[in-house]
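Undergrad: This is what each chain is made of:
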Amino acid sequence: MPSPDSQQKNSGNSLIQSEGFYFRFRMFMDKFMRFGVAFGGISIIIAITLIFAYLLVVVFPIFHSAEIKQESSFSLSASSQPIAVTEQSKQDLSAEDQITEDPSRPKILHLAMEEQNEVGLRVTETGQLLFFDTRSGETKFTHVPNLPKGVSVTSFGNADPATTTIALGLSNGHALVYRHKYRVTFPNDKRLITPVIETPLGAEPILIDTQDEALTHIDVQSNDEGLTLVAGTADKRLLLVAFTKEESLLEETETFERIGIELPSPATPITHLLVDKDQRELYVASEGGYITFFDIQDKAEPKLLQHLTVTDSGSELTALNSLTGGISILVGTSDGQLAQWSLVRNENNQEQLVKYREFESHSAAIVKIIPEFNRKGFLTFDESGLFGIYHTTAENTILRRTLSSANIDNIALSPRANAMSVFTKNNQYSLWSIDNEHPEISWSSLWGKVWYESHEEPKYLWQSSSADNDFEPKFSLVPISFGTLKAAFYAMMIAVPLAIMGAIFTAQFMSPNMRKTVKPSIEIMEALPTVILGFLAGLWLAPFVEDNLVGIFLMLLAMPVGVLIAAYTWQRLPQKFRFMVPEGWEGALLIPAILLIGWVTLSLGPYLEMWWFDGDITQYGKHLGPWLDRNLYLVIAGLLFPWAFLLVTRSEKFGQQLNKIKSEFYQSALTLGVSIVVVVIIGALLSPIVESLLFDGDVAGYLKDSTIAFDQRNSIVVGLAMGFAVIPTIFSIAEDALFAVPKHLIQGSLALGATQWQTLTRVVILTASPGIFSAVMIGLGRAVGETMIVLMATGNTPVMDFSIFQGMRTLSANIAVEMPESEVDSTHYRVLFLAALVLFAFTFLFNTMAEIVRQRLRRKYSSL
Amino acid sequence: MKVQDWFKSGSPWIWLNAAAVSASLIMVFGLLALIMVRGLGFFWPADVQQMDYTDKQGQEIRLMGEVWGEEEAAFQTLIDNGYKLTGDAEFITRYTLKTGNRDVYGADFRLIIEPGIKNKSTPDDALVVVRREWGNFYGFLTSIKENGTELKLDQDALWSEFEQRKERALDLHDEIVEIQKSDIGEVNHGLESLRLLKKRYELDDDLTPENLAELDAKRKALDARYEVIQKRLNELNQDITRDSFIARTADGQEREIQFETVVKVYQPNQMSLPSKLGTYFANIWEFVSDEPREANTEGGVFPAIFGTVMMVILMAVLVTPLGVIAAVYLREYAKQGALTRTIRIAVNNLAGVPSIVYGVFGLGFFVYFLGGNIDRLFFSEGLPAPTFGTPGIMWSSLTLAILTLPVVIVATEEGLSRIPKSIREGSLALGATKFETLWRTIIPMSSPAIMTGLILAVARAAGEVAPLMLVGVVKLAPSLPLDGNAPFVHLDRKFMHLGFHIYDVGFQSPNVEAARPLVYATSLLLVLVIIALNIVAIQIRNRLREKYRALES
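Residue numbers (our numbering), protein chains in the order written: chain V, 1 to 864; chain B, 865 to 1417.
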């Protein structure tokens, strides 16, 4: 590089006389372009590094913890006329907090909100349903039930929040069932929400207890097929009443068929009742921390399945609710414990309640548990006023804080889980917004084993979406990261030996003329679109491998031996033939040999399969077992043979003995014979030990039922196809490094009497090893990030299985499959970005490492 | 030489290394040969075989079709599959016969085994009808119908009449397609822009009665034009359905086939070699110039070629200035130090980042963020239907431009660094400013290097599929991103791509078996383009090196 400063000065001086407009223009252009190019260049470089930053920005929110903020607040007086609390009067809140409970105010049984967070509902103990504006507190609509004289509301129950069904138990053994719905209209382009009350069983109270006892507890569930009501009475009976919808086609009216039945009541007084969303299970909580679990699928014949304690001894169950989906229940206790219990099938195929997990405990009794409508999270608060948001799948405490100095009386969660209504003991109502977009992600839900609902045990699972709304998304990155590494591993198993050995030969032994064509040919492989490799792997190679499994394994085993035999035969040919091929063309010579070996082994494959495995290798155990039982010693001998052969050929003593024999042929035959005899003897000695160690002493019995779970698009196919894609990358870089080893080092070594092979292993490879290392790293980076091949050549099932006969799903294929369908800014979308970020970071790291090693090597060569 | 000495000399290991090279070469050329043979074989009008075949149930049927493949199946496997076989052969030859006639048999293919085949023949008058629906028809021509009544013709006249009527139907079909595509397309485009204009007026509070009247007038004109076109179209549709012919399948079933569904007809068994060759090249031409049929599994790949080329051209236009400016800055203006070295390593490494990551970035940043904002600012009349806030060809080229940027930067830098110092100094000594030296001397001299970088970038971009799946490629685009409706270039449109075509047809199509040869042909096309580009790049690079070696010495 010329130094720009001095040159600038020179050129300026020599032209100083011609200072005119044109000269100034030129100088200006020069300066302008200097800044222009610098600005452009720097911005381009910043822009491409921004990729990383952008991925981070998208991923970040999933690790962002939740926030809540108070939006409005007002006081509900006895006259139910709200007193709005303005911003200015907020300071006075503390004073107001001191007000003790207003005895005249009717107790609130239930709070609810609609989707837009504009209208709230409170149900009072007089049975009134009051709809109010959540920001101003203004009452919009009041429904007063038509109760007979002297009858009061004695209990309350609500169904799955999405159905908005509630039930009021009355003191005369009757019950009222309501649904609160909201009609949205747009008069004058403004949204207007009108609350509507539906009475699915009629406006009049319906009879639950034929003995007219007061209902002390009640719970309800409803869906399109009907309603189920469960009630506990004052005289400690437990009643189940089901209404099944019967549609008459002729009259187009709905009638209900009523089934009423009495259930065995638990020994201790009932505290909570809970029916699951699908009206199949009933949980009855009773004093002493007991839960009695009934199967009520058949309403006429409920079955008691389980009776168990869910609390620590000495504590009571104080809150019970079901998690959305109705598979799990959430239990809160008087000592502040929170736990999720769920149904798992035991070995008798019977559903049983099992404790899934505990959450961070509170220090006071849990008052209420409020599940989210669509996600597996819930809200809770305790007697000391501590409020908490938790998520079950992520096993995560999302938020914990006190909301006000007064204790919380009731909380309602918005259907979209983005707001809540809080009602405190001092008659204060407040609306809070909740910012909790991605509760389902935590370190443990991404990378740990998670016990998902309806699974027998904690697992690593990736299952991001399903048609069902109550679906519990499974975002474990472990199976797909595992798949990525597995695919890369098999690809490297194929690519590394072929590419590096190929590079060694090409760089060191190949004649320059041949090298000139070989290197570009292999490098062109790199440019082949991977979609073509993937297509061939999936549609041509996969069926081919399936049909020729035995042949392919045979080929892999026989190829090195066959090549050595071919080479030795060539060496033994008369010189006349040998000199026909110049040095450095061995590679070309081997092409027909390799083709021949390949063809022979592949066509032998089916016959071998027929002979050994009765034509089906996937059922290998049946046939291999007895055979191995008889021939175990031969197998061991075969495995040991190469080592024994090496040992014998290398043994000095044996060599001396051997040299006494004149004939070369006898020498070779003797070497071979001795090795065989040695290994057979060793094999015979070892076989009983191996049999007892590996096969429990009975080979045939051990292997009898062994089969291969064979997936057509499996790791062999991926390994071969992706190995093929990675070979040129590794080959090209490794060959450059090997070729650049200074010639004087090699010549020096050869001149000192080292053989070519010694020079290669002790000088060339050692010197170039950093380059080879960086080649492997870059190859690995490519294998990890490759998308189309794995997308097409594997079944894309996210299984965690080491088997070479099974497929996998990789990070990259996962992105390609799921990204187009994922909703923008959803948790799924961000998790896919996280997968991309992991890939990016991984490959960037490996490539940087390789690049630094390579640059250092280049400097080393230049100093040698 | 003794075995022992031979091993001691280490030469067996060298031979093994040689074997690795040979194996790699065999893999490369084997793969290319495989694609070549299968891809080119697809176009050959193979003979149609007729045979009597005894099937699994022992029923004898007469089959006709093209033999598509044969394999050796294990005797036992066939018995297990329900074939009744006798004898002691271990393996039996099994053929895949393309019998076509999906409307008759329900499937295009049939597996038949050697022992069941009798009376093989290649009847001269066997007919292959390539249809727009239901795949190929194999059979014999029986008679021709006009408006439902059979024409009385003798055998010779039958064929010439057939040819004539086929040509007529093809001409009519071409005209219908032309009208549907250009005329109706134009009217629809006009109506859509009127709708958007109206919405625009509404949004700007500018919907004055004059504007409204103008819009109405325009719409009326378009509607009137549409009426005329529709009438003509109806006439043509009436015309084209006039003729049909009756054909008999090998097993004697008769089918009436409308001439309007016929793409082409040939009688391969009586074709001479030259005429077969003619058909062969005609088939190749049809493949590269025609629209796809039957969910891409038949017909040509023209829209995919067009989409690929246009996307790559756009990408090249974007990537060249960016890459060259960045390289010039790095090599000529930036201070050479640890920072530039780091940047260089980082840029180099970006080339190794998986392409899918660029796709994710493109989708999130370009499509949803940039595109979404562009829509809000300039195309608010179209919302909620997105204009640029959805994957399209512009975002695809931009994403690939970023993906290939490192390639161009590295190649350009290498070219700049190869320019001898003396040339630079000479120019400066003559009084040129630094920029003038760059602009007049260095960049022209390094243009072959820039070209190399660009060609390599284009080769890489043409073969990339994974990122495109996220940012703009579709299996079937209704219209090309370039057409006769203003503004002619539609950068917001989705497009078809050769690589994605391979993935889609090979893995997502309902009839993979039938579509496979087409995928081989598409692969061959793509491989040829990419290898050609790479060879050109290598040649340019070599020539460049020679040129400057001379200058340097």
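A hint or two may mislead.
[As the list claims (entries may be wrong)] Pairs of lysine-lysine, DSBU-like flavour, derived with a Cα cap of 30 Å:
#  : chain 1 : residue 1 : chain 2 : residue 2
1  : V       : LYS743    : B       : LYS948
2  : V       : LYS69     : V       : LYS149
3  : B       : LYS920    : B       : LYS872
4  : V       : LYS236    : V       : LYS140
5  : B       : LYS1095   : B       : LYS1045
6  : B       : LYS872    : V       : LYS660
7  : V       : LYS368    : V       : LYS140
8  : B       : LYS872    : V       : LYS743
9  : B       : LYS1095   : V       : LYS860
10 : B       : LYS1411   : V       : LYS516
11 : B       : LYS1339   : V       : LYS190
12 : V       : LYS31     : B       : LYS1285
13 : V       : LYS860    : B       : LYS1199
14 : V       : LYS743    : B       : LYS1199
15 : V       : LYS190    : B       : LYS1199
16 : B       : LYS1285   : V       : LYS662
17 : V       : LYS107    : V       : LYS245
18 : V       : LYS860    : B       : LYS982
19 : V       : LYS576    : B       : LYS920
20 : B       : LYS1045   : V       : LYS622
21 : V       : LYS459    : V       : LYS355
[Unchecked claim] If the Cβ cut is set under 8 Å, some of the chain B residues that face chain V in the computed set are:
#  : residue
22 : GLU954
23 : ILE956
24 : TYR959
25 : TYR1197
26 : GLY1201
Since the hints were made in silico from the structure, they are not lab data. All of these numbers come straight from a predicted model, not from anything done at the bench. Just so it is clear, CB atoms sit at the ideal spot from N, CA and C, and this is done for glycine as well.
Undergrad: Each hint needs a verdict: does it hold in this structure or not?
TA: Comparing the hints with the structure gives:
1. Simply put, LYS743 of chain V and LYS948 of chain B have alpha-carbon atoms about 70 Å apart, too far for the 30 Å limit, and the pair is violated.
2. The straight-line distance between the Cα atoms of LYS69 of chain V and LYS149 of chain V is roughly 44 Å, outside the 30 Å bound, and the hint therefore fails.
3. Simply put, LYS920 of chain B and LYS872 of chain B have alpha-carbon atoms about 61 Å apart, too far for the 30 Å limit, and the pair is violated.
4. Using a Cα cut-off of 30 Å, the hinted pair LYS236 of chain V and LYS140 of chain V is violated, with the two alpha carbons roughly 39 Å apart.
5. With a C-alpha separation of about 16 Å, the suggested pairing of LYS1095 of chain B with LYS1045 of chain B holds against the 30 Å cut-off.
6. Straight-line distance between C-alpha atoms of LYS872 of chain B and LYS660 of chain V comes to about 19 Å, which keeps the hinted pair within the 30 Å bound.
7. Under the criterion of a C-alpha separation no larger than 30 Å, the hint pairing LYS368 of chain V with LYS140 of chain V is consistent with the structure, at around 27 Å.
8. Pair hint LYS872 of chain B plus LYS743 of chain V holds up; C-alpha atoms about 24 Å apart against a cutoff of 30 Å.
9. Simply put, LYS1095 of chain B and LYS860 of chain V have alpha-carbon atoms about 81 Å apart, too far for the 30 Å limit, and the pair is violated.
10. At most 30 Å may separate the alpha-carbon atoms for a hinted pair to count; LYS1411 of chain B and LYS516 of chain V meet this at roughly 19 Å.
11. About 42 Å separates the Cα atoms of LYS1339 of chain B and LYS190 of chain V, which puts this hinted pair outside 30 Å; it is violated.
12. A distance of roughly 22 Å separates the Cα atoms of LYS31 of chain V and LYS1285 of chain B; the hinted pair therefore holds under the 30 Å criterion.
13. Restraint check for LYS860 of chain V and LYS1199 of chain B: the C-alpha separation of about 24 Å stays at or below 30 Å, so the hint holds.
14. A distance of roughly 34 Å separates the Cα atoms of LYS743 of chain V and LYS1199 of chain B; the hinted pair therefore is violated under the 30 Å criterion.
15. With a C-alpha separation of about 62 Å, the suggested pair LYS190 of chain V and LYS1199 of chain B falls outside the 30 Å cut-off, and the hint is violated.
16. At roughly 68 Å between alpha-carbon atoms, LYS1285 of chain B and LYS662 of chain V are farther apart than 30 Å, so this suggested pair is violated.
17. Simply put, LYS107 of chain V and LYS245 of chain V have alpha-carbon atoms about 34 Å apart, too far for the 30 Å limit, and the pair is violated.
18. As the CA atoms of LYS860 of chain V and LYS982 of chain B are separated by approximately 74 Å, the hinted pair breaks the 30 Å bound.
19. The hinted pair formed by LYS576 of chain V and LYS920 of chain B fails the criterion: a straight-line CA distance of about 60 Å is larger than 30 Å.
20. Restraint check: the Cα-Cα separation between LYS1045 of chain B and LYS622 of chain V comes to about 64 Å, which exceeds 30 Å; the hinted pair is violated.
21. A C-alpha spacing of about 16 Å is found between LYS459 of chain V and LYS355 of chain V, which places the hinted pair at or below 30 Å, so the restraint holds.
22. The interface hint given for GLU954 of chain B is met, as the beta carbon of that residue sits about 6 Å from the closest beta carbon of chain V, less than 8 Å.
23. At its closest, the beta carbon of ILE956 of chain B sits 12 Å from a beta carbon of chain V; the interface hint therefore is violated under the 8 Å criterion.
24. Residue-level restraint check for TYR959 of chain B is violated (minimum Cβ-Cβ distance to chain V is 16 Å; threshold 8 Å).
25. At a threshold of 8 Å, the smallest CB-CB gap from TYR1197 of chain B to chain V is about 5 Å, leaving the interface hint in force.
26. Here the hint on GLY1201 of chain B is broken, as its CB sits about 12 Å from the closest CB of chain V, past 8 Å.
When held up to the earlier numbered hints, the structure conflicts with 1, 2, 3, 4, 9, 11, 14, 15, 16, 17, 18, 19, 20, 23, 24 and 26 and fits the remainder.
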